[in-house]
Amino acid sequence: MKVLLIGASGAIGRAVHQRLGQQHEVLTAGRHSGQFRVDITDQASVRRLLAEVGPIDALVSTTGDVHFGPLAEMTDEQFNVGLQGKLLGQVRLALLGQHVLRNGGSITLTAGIVSREPIRLGANATAVNAAIEGFARGAAIELPRGMRINVVSPAVLTESLAAYGPYMPGMESVPAERVALAYQRSVEGAQTGRTYFVE
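Quick note: this note's numbering has the sequence shown finishing at residue 201, numbered continuously throughout.
It is possible that some hints are incorrect.
[To be verified] Ranges of calculated distance between the beta carbons of each label pair, as one might list FRET restraints:
| id | residue 1 | residue 2 | range |
| --- | --- | --- | --- |
| 1 | ALA74 | HIS101 | 38 to 48 Å |
| 2 | ASP78 | ALA46 | 21 to 31 Å |
| 3 | GLN37 | LEU73 | 16 to 26 Å |
| 4 | PRO146 | LYS4 | 15 to 25 Å |
| 5 | ALA53 | PRO120 | 30 to 40 Å |
| 6 | ALA74 | GLU54 | 41 to 51 Å |
| 7 | ARG118 | ALA74 | 19 to 29 Å |
| 8 | ALA74 | GLN37 | 19 to 29 Å |
| 9 | GLY136 | LEU183 | 18 to 28 Å |
[To be verified] Under the rule of at most 16 Å between Cα atoms (straight-line distance), these lysine to aspartate or glutamate pairs were calculated in the EDC-like manner:
| id | residue 1 | residue 2 |
| --- | --- | --- |
| 10 | LYS4 | GLU190 |
| 11 | LYS4 | GLU27 |
| 12 | LYS4 | GLU54 |
| 13 | LYS4 | ASP59 |
Because the hints were derived from the structure by calculation, they are not lab data. The beta carbon of each residue, even a glycine, is placed where N, CA and C say it ideally should be.
Using the sequences and the hints, build the whole thing.
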């Protein structure tokens, strides 16, 4: 398969690249690294990327920004960081990406455990991750030509415990290598409209 991986420089992205790269041709893209450059908050940038790399068999996104901060001080501009970055950015990849996917191709997006397990300072992340899961369920029943869409929703990464562990007391971490298996399952499997929880 020809797989486009967006966000390959992060901990999850690196693990997914290593996993999928064993059997597939993986093209990497990111804002500052990878074989191709893309800003997922910019429709023209995404269009350019897809025109350059398509057609593809799978599109995998492991990227997207959210805002963490106290609700009492949060502004709509801060909340918009997650809406434009992780939510609409990934939705944009799916909406435009479907047109360069071959028959039976797949789209895999990334959410996170806070969609179901809210944390302090994480209202933006909870809303955005839950919306990504909802979008995939809705999109799955409309995608034509046998195309599929799924979401991977991991717990806090073991590799990221130093940065995020204090915000998630008592939550078990998962290694990125194990999270990557869920992306492989989404790309190579047959299911659609699913959220794969890795905890």
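Hints violated by the structure (listed by number, smallest first): The structure breaks hints 3 and 8; every other hint is satisfied.
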